[in-house]
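Engineer: The lines below spell out each chain.
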Amino acid sequence: MTTHLEPARAVQLEDVPLRPSFSGGGLLDVFRRHYLLKLIVQKEIQARYQGSLLGLMWSYVQPLVRFCMYFFVIGLVLGLHKSVPNFAIHMFSAIVGVHFFTETFSSGTRSIVRNKAIVRKMAMPREMFPVASVIVSAIHTFPQLLILLVGAIAVGWQPDLQGIYAGVLGLAIITVLGTALALLFASMNVFFKDFQNIVSTLMIFTHWVVPMIYPFSKLATSGIRTTVFFGIYLANPLTISVLLLQRAFWVPSLPTCGRHAPKICLQGGDPSTIGFPHLPHHLFLLGWVMLAASFVVLVLCQVAFSRLEGRFAERL
Amino acid sequence: MAASIVADHATKKFTMRYHRTIKQITIAAMRRQQISDTFDAVKDVSFTIEQGESVGLMGLNGSGKSTLLKLISGVMKPDSGQVLTRGRIAGLIATGAGFHPQLTGRDNVFLNAAILGMSEAETRRKFDQIVEFADIGRFLDTPVGHYSSGMFSRLGFAVAVHTDCDIFLVDEVLAVGDRPFKRKCVARMDEIRAEGRTMFYVSHAPASVRKMCDRVLILEKGALGYDGPVDEGIRYLGYDDDGDDVNSEESEESEVDEELGADV
Chain G
1 MTTHLEPARA VQLEDVPLRP SFSGGGLLDV FRRHYLLKLI VQKEIQARYQ
51 GSLLGLMWSY VQPLVRFCMY FFVIGLVLGL HKSVPNFAIH MFSAIVGVHF
101 FTETFSSGTR SIVRNKAIVR KMAMPREMFP VASVIVSAIH TFPQLLILLV
151 GAIAVGWQPD LQGIYAGVLG LAIITVLGTA LALLFASMNV FFKDFQNIVS
201 TLMIFTHWVV PMIYPFSKLA TSGIRTTVFF GIYLANPLTI SVLLLQRAFW
251 VPSLPTCGRH APKICLQGGD PSTIGFPHLP HHLFLLGWVM LAASFVVLVL
301 CQVAFSRLEG RFAERL
Chain P
1 MAASIVADHA TKKFTMRYHR TIKQITIAAM RRQQISDTFD AVKDVSFTIE
51 QGESVGLMGL NGSGKSTLLK LISGVMKPDS GQVLTRGRIA GLIATGAGFH
101 PQLTGRDNVF LNAAILGMSE AETRRKFDQI VEFADIGRFL DTPVGHYSSG
151 MFSRLGFAVA VHTDCDIFLV DEVLAVGDRP FKRKCVARMD EIRAEGRTMF
201 YVSHAPASVR KMCDRVLILE KGALGYDGPV DEGIRYLGYD DDGDDVNSEE
251 SEESEVDEEL GADV
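Residue numbers (this note's numbering), protein chains in the order written: chain G, 1 to 316; chain P, 1 to 264.
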């Protein structure tokens, strides 16, 4: 069966170089072995919903419940529906982005410990597991984006090129940053399980430090604007991503200026007329800076991961 | 002939931890106790194995055999020195380790084969052979979590022995398989050896090392104590004393067991 292959193989083998058996090829190795990555992603999805009646539906329950709660409490009780037109879209576009980030970060952090049976015994690029959990999170996010889009269209959203550009940029920042943090925390979690608790503690903040349940204009028109906190606020990549997603979904759904138009409206129906204070100055420039910074962080996290992965097998 | 496995002053340190929490560490530090200690599981080991050689690795429990195997398979990274290999590595080490209990046997075969470096086409081509070898019949589409331990490891073995590898590592007592399966494994391992692949065989059973290998390495407390012909090696280790060999009944029946190192 395989015997006829052997002579050819032996000849080829002379050309194969001697290599360190511990690969450490990093993220590049992960994408080189995309077939394995595909299988691991399938495994993660299948395993997560095995024996569950609702299956994949569960990934909608949490954001949906959160949405409903905020919608009633913040929108109706605190009255943001009046001051922010299409507040539901404003909030849901932020929830989708934040949920993508938190899922990436927290499932990525646990990914290596969860797969310790494999990591301890078999040689493969260990980055495979954090990357797979980023992809699984992205797969879960996609239908939420569709729901968001349907909702936005229902209240008058119209596609515009700049908005699509903003959405892609926003999701790109979250993906790159999420991958970076998943790598770093997954490797540290091998040594101290405290890190998965640190991550879930950090996650408490994410809903409050982005303009989700309050509009950005509230901050930009308040006294905070002149303080250092405003700069810090805008230096958060997650904030910029959320604002970009709101530029993509919420801004184009705003009503056109007319006689009965509320205070935020699109002049001539053009979403690009919306600027400060509803969105920060230089939003797209900030977006690119954040994306570049996220790549730098990714490289640093990869370096840290490569340093730590040599001791994974013995510490798991 | 090209070198297949090269160990160049490879050393692997393990940390022993006495204290796990901050509280324990603080108390230990105040009492001036040791917080952690290291030991060399593999100490400055150097050797070269040529392509096509069959090498046995022997040593007492805790001498570092499994660690050395993990350095070769690429699961662990040496702290100093290096371990180089040429070509694809597979083997009977922790077979079924990559199996996910909730996935079916079929899905697990594909996943396990992919971890070992096989492509989708290659797995498809060999799939029938693997299933036939594992002999798990209609359980193929059942989650492997419901398998008996024998079926579980048979499936793992089947994937490993069908990988087109250049280096074949063996470190598992085949205690789980029944006799017909053991015979099948021996036959397959002989085949692999005959195909000119490098075989690295960890065993406690002198008879099987004698049969399978043409060279033996012996580890003593992590250091390489002996490297040379098989018979002298077994004498060096003191395993040639028949009185110690539990399985050395001269019956043909136990021969297979002995070859496979079932004398745990």
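One thing to keep in mind: the hints can contain errors.
Said to hold, decoys possible - Below, computed lysine to aspartate or glutamate pairings styled on EDC-like, alpha-carbon distance capped at 20 Å:
1) P:K182 x P:D44
2) P:K221 x G:E314
3) G:K116 x G:D15
4) P:K182 x P:E132
5) P:K23 x G:E314
6) P:K221 x P:D107
7) P:K13 x G:D194
8) P:K43 x P:D8
9) G:K38 x P:E120
10) P:K184 x P:D128
11) P:K23 x P:D44
12) P:K43 x G:E314
13) G:K121 x P:D79
14) P:K221 x P:D79
15) P:K43 x P:E53
16) P:K184 x P:D107
17) P:K184 x P:D135
18) P:K182 x P:D107
19) G:K38 x P:E122
20) G:K38 x P:D135
21) P:K221 x P:D40
22) P:K211 x P:E232
Said to hold, decoys possible - Some but not every residue of chain G turned toward chain P, in silico, with C-beta under 7 Å:
23) P20
24) S21
25) F22
26) G25
27) L27
28) R32
29) Y35
30) L37
31) Q62
32) K121
33) A123
34) I204
35) L291
36) A292
37) A313
Hints in this document: simulated from the structure, not taken from any laboratory. C-beta atoms are modelled at their ideal positions from N, C-alpha and C, and glycine is treated no differently.
Engineer: Determine for every hint whether it applies to the structure shown.
Structural biologist: Results of checking the hints against the structure:
{"no.": "1", "hint": "P:K182 x P:D44", "result": "violated (35 Å)"}
{"no.": "2", "hint": "P:K221 x G:E314", "result": "holds (18 Å)"}
{"no.": "3", "hint": "G:K116 x G:D15", "result": "violated (34 Å)"}
{"no.": "4", "hint": "P:K182 x P:E132", "result": "holds (15 Å)"}
{"no.": "5", "hint": "P:K23 x G:E314", "result": "violated (24 Å)"}
{"no.": "6", "hint": "P:K221 x P:D107", "result": "violated (40 Å)"}
{"no.": "7", "hint": "P:K13 x G:D194", "result": "violated (24 Å)"}
{"no.": "8", "hint": "P:K43 x P:D8", "result": "holds (11 Å)"}
{"no.": "9", "hint": "G:K38 x P:E120", "result": "holds (11 Å)"}
{"no.": "10", "hint": "P:K184 x P:D128", "result": "holds (16 Å)"}
{"no.": "11", "hint": "P:K23 x P:D44", "result": "violated (36 Å)"}
{"no.": "12", "hint": "P:K43 x G:E314", "result": "holds (16 Å)"}
{"no.": "13", "hint": "G:K121 x P:D79", "result": "holds (18 Å)"}
{"no.": "14", "hint": "P:K221 x P:D79", "result": "holds (17 Å)"}
{"no.": "15", "hint": "P:K43 x P:E53", "result": "violated (23 Å)"}
{"no.": "16", "hint": "P:K184 x P:D107", "result": "violated (24 Å)"}
{"no.": "17", "hint": "P:K184 x P:D135", "result": "holds (11 Å)"}
{"no.": "18", "hint": "P:K182 x P:D107", "result": "violated (25 Å)"}
{"no.": "19", "hint": "G:K38 x P:E122", "result": "holds (16 Å)"}
{"no.": "20", "hint": "G:K38 x P:D135", "result": "violated (27 Å)"}
{"no.": "21", "hint": "P:K221 x P:D40", "result": "holds (8 Å)"}
{"no.": "22", "hint": "P:K211 x P:E232", "result": "holds (14 Å)"}
{"no.": "23", "hint": "P20", "result": "holds (6 Å)"}
{"no.": "24", "hint": "S21", "result": "holds (4 Å)"}
{"no.": "25", "hint": "F22", "result": "holds (4 Å)"}
{"no.": "26", "hint": "G25", "result": "violated (11 Å)"}
{"no.": "27", "hint": "L27", "result": "violated (18 Å)"}
{"no.": "28", "hint": "R32", "result": "violated (11 Å)"}
{"no.": "29", "hint": "Y35", "result": "holds (6 Å)"}
{"no.": "30", "hint": "L37", "result": "violated (9 Å)"}
{"no.": "31", "hint": "Q62", "result": "violated (22 Å)"}
{"no.": "32", "hint": "K121", "result": "holds (4 Å)"}
{"no.": "33", "hint": "A123", "result": "holds (3 Å)"}
{"no.": "34", "hint": "I204", "result": "violated (23 Å)"}
{"no.": "35", "hint": "L291", "result": "violated (32 Å)"}
{"no.": "36", "hint": "A292", "result": "violated (32 Å)"}
{"no.": "37", "hint": "A313", "result": "holds (5 Å)"}
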